[in-house]
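S.K.: Sequence lines, in order, name chains A and B. With this note's numbering, the residue at position 174 of the first sequence is 174, and numbering never jumps. With this note's numbering, the residue at position 276 of the second sequence is 276, and numbering never jumps.
Quick caveat, the hints were computed from the structure, so don't treat them as lab data. Since the structure is predicted, the reported quantities are computational estimates derived from the model, not experimental observations. Be careful, since some hints might not be right.
Unchecked claim - For lysine to any residue, the following SDA-like pairs were computed, each having C-alpha atoms within a straight-line distance of at most 20 Å: (1) A/K8 x B/G138; (2) B/K188 x B/D228; (3) A/K184 x A/K241; (4) A/K241 x B/H124; (5) B/K148 x B/A71; (6) B/K26 x A/K16; (7) B/K159 x B/L189; (8) A/K241 x B/K159; (9) A/K16 x B/D228; (10) B/K271 x A/K16; (11) A/K242 x B/A71; (12) B/K159 x B/K175; (13) A/K10 x B/E257; (14) B/K39 x A/Q150; (15) A/K241 x B/G138; (16) A/K132 x A/G80; (17) A/K250 x B/P22; (18) A/K242 x B/T232; (19) A/K242 x B/K175; (20) B/K175 x A/P162; (21) A/K241 x B/K180.
Spelled out, the chains give:
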Amino acid sequence: MDRQPLFKRKTALSYKTEEQTIVRGYNVSDLAEAGYTFYDMLFILFQNRIAAENEVDMLRYETGEFLEHSMSPSAVSAIGVINGRPNLPAAVAASVMTFGSAHGPGAAHGYMMHKYIERARVEGKSIEEMGKILVDEYMDAGLAVMGLGQPQHLDGDPRAEPTHIKHEQLCSGVYLELQRSIEKHFNARRKKEGKEYVAVNMIGAGNTALAELGFSPTAAWCIGCVCRGFSCAAHATYTMKKGRAWGASKREPMVQMLDLSMIKYVGPADREVPSQAERQAYAKKQKEEGEYKKWII
Amino acid sequence: MDNLDDPRLMYNYRTREQGTIPMDEKRARFQWVSEVAYKNVHRIVARGYDTTELVEQGYGLTDVLFIDFQARIPLIEEDKMLNYVMVCMFEDGLSSPANIARIVGSGKTLLTQAAGSSILAFGHAYGAFQTFGKMLDGILARQAKEGKPLAEVVEAAVKIRLNDPALGVSSLMLKDPMAKRMIARAEKLGVAGKYVSLMKEMVKAAQKLSKEPVDIDLLGAMGAVMFDLGFTPEATWCILSVTRAFATGAHYCEENEQEEPVRLGQTLTPKEWYDGPADRPVPTLEERKSVAKAIEAQTPDEWKKIFLERQKIKGSGWAIVEEIDDPKRKI
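Throw the hints in and build the complete structure from the sequences for me.
M.R.: Structure, rendered in structure tokens:
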């Protein structure tokens with residue numbers, strides 16, 4: 001049995017021999033025997049350190065609440081993919097890959113915070129002042145301030161403010177101070193403009209806590225998105241075991257997700273297919289008229 | 001309209017309807033149906049438990065895995081055991097998921113592409129928890145049906161699967177105690193059950209039948225313990241593949257920190273690694289008419305001959321033969 005790695009890489013993360021697996025210098029089996037948890041492993045791997053108990057408590061809290069979010073884009077992906085009945089990992093992988101610039105954009109929020117904390121340091125300003133500067137710069141440029149608002153939880157994400165409070169209790173620091181300042185100045189400005197209050201979301205709350213715990217923007221993003229993969233897996237497994245494959249059966253009492261009646265078509269009207277003899281002239285005219293351009297995506 | 005006017009077609013292509021199907025008013029409208037979770041504007045609820053209330057009470061990710069997949073709060077010992085398994089599963093060096101994440105990441109992708117794609121490494125050989133679980137359930141079902149001693153049923157099952165990568169017994173962990181320690185911990189915590197017992201019988205049978213030294217491996221230990229914790233083979237497959245995906249995020253980071261991104265067309269394949277047909281001239285399209293001929297079998301004998309020839313073509317897929325469920329099979 002060939003046990004050589006597929007390609008050569010120097011790595012500071014881990015090594016594996018026939019005798020043991022070592023992560024950041026620690027024998028993994030010994031870590032498990034000593035009672036370290038999954039939360040500890042995240043600190044060890046991403047930060048090369050054993051975490052303090054309060055830090056583990058914060059990570060347990062955050063990952064526990066972030067895991068399940070019912071109907072969201074990532075769960076839709078998992079369910080959509082499993083409708084075709086591939087192997088389950090395909091559906092779970094798709095759910096994790098759904099996270100991008102709209103759904104859970106954690107890394108960008110982290111980089112934004114780093115940039116403005118660094119500016120506070122260099123420009124000799126307080127974090128509180130820098131929160132206002134950040135809000136003004138983003139809003140003046142017509143950009144969305146990251147970490148605020150959620151399309152489903154209109155009165156504020158039910159997890160977000162409790163996360164801030166837990167964060168205050170367990171590991172408060174410069175990130176939370178900046179995030180709180182952003183929320184304060186963002187809503188003050190909206191109030192002045194006669195706009196309604198917008199609460200912090202789970203990027204603003206959760207990602208801020210992960211940053212305070214020492215996770216880089218990318219590591220924090222990884223933790224958030226992959227964590228959701230667990231619940232998407234549950235949704236995919238439920239659909240696989242108790243739902244109809246394909247999602248279009250006429251025998252189900254409820255109209256299915258992929259029933260033909262769910263299609264609303266708003267594209268070009270039905271039209272004759274030109275013969276090959278007509279094709280060149282047809283295509284030339286179509287190109288000249290340019291009507292097709294409004295449909296380009 | 002050419003073949004579309006063929007009378008064997010089951011309807012007339014010229015008169016078929018146009019436009020979309022109207023809304024189906026006779027059945028209930030489509031809704032998101034779930035036994036797992038719901039949310040409203042102010043709450044997220046998993047299996048009846050408000051998730052914010054759960055974490056405020058001190059429950060964490062591993063507890064929520066029991067809630068999502070089993071609709072129950074785990075015993076403290078069960079939560080400890082799940083953590084133990086997840087710690088051991090978390091990272092494994094330059095393994096397939098890590099490699100995939102690094103390769104995907106080297107194209108300068110989003111982290112989510114890399115971590116997500118790492119999950120695709122899990123199949124019916126690597127991390128084959130679904131296959132493994134179905135095998136264990138099959139053995140238990142056969143034993144219950146036939147009433148024979150477990151050891152006898154296990155030996156028969158192991159005999160035909162001795163080299164199966166999803167057996168859970170192999171030469172992989174002969175020098176590494178991790179798998180055996182996991183079983184011992186499950187017993188110590190009082191969470192070991194029928195799957196751990198079955199696994200022990202399988203190890204005994206495999207050791208008796210194998211010419212080479214073998215012992216329980218990570219698939220066997222993790223799978224048996226997860227099933228005794230009440231997770232189905234499918235849930236286990238998901239939970240442990242996602243557990244590894246966290247660590248592949250670190251591989252993605254390291255790849256991006258240490259290595260240059262890989263560009264389209266950059267990677268070379270040495271000619272000495274190539275064992276396909278010798279270099280040859282491309283025929284002109286005119287020459288194609290005389291050089292190429294279609295291959296269609298007209299009889300089963302011809303088909304078999306072509307089939308065997310095709311199996312010699314590396315990379316064609318013809319040499320991969322998978323067993324599908326036999327409808328005549330009883331168990």
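S.K.: For every hint, state whether the structure bears it out.
M.R.: Going down the list of hints, with the structure as the test:
1. A/K8 x B/G138: violated (40 Å)
2. B/K188 x B/D228: With a Cα-Cα distance of about 14 Å, the restraint between B/K188 and B/D228 holds, given a limit of 20 Å.
3. A/K184 x A/K241: Outside the cut-off at roughly 47 Å; violated.
4. A/K241 x B/H124: holds (19 Å)
5. B/K148 x B/A71: Violated - the C-alpha atoms of B/A71 and B/K148 are around 34 Å apart, more than 20 Å.
6. B/K26 x A/K16: violated (60 Å)
7. B/K159 x B/L189: violated (32 Å)
8. A/K241 x B/K159: violated (31 Å)
9. A/K16 x B/D228: violated (28 Å)
10. B/K271 x A/K16: violated (32 Å)
11. A/K242 x B/A71: holds (15 Å)
12. B/K159 x B/K175: violated (24 Å)
13. A/K10 x B/E257: Holds, at roughly 12 Å.
14. B/K39 x A/Q150: holds (13 Å)
15. A/K241 x B/G138: holds (18 Å)
16. A/K132 x A/G80: Status violated; Cα separation ~42 Å.
17. A/K250 x B/P22: holds (14 Å)
18. A/K242 x B/T232: Holds - the C-alpha atoms of B/T232 and A/K242 are around 14 Å apart, at most 20 Å.
19. A/K242 x B/K175: violated (42 Å)
20. B/K175 x A/P162: violated (47 Å)
21. A/K241 x B/K180: Given pair A/K241, B/K180 is violated - Cα atoms ~32 Å apart, limit 20 Å.
Hint compliance for this structure: hints 1, 3, 5, 6, 7, 8, 9, 10, 12, 16, 19, 20, 21 are not met, and every other hint is.
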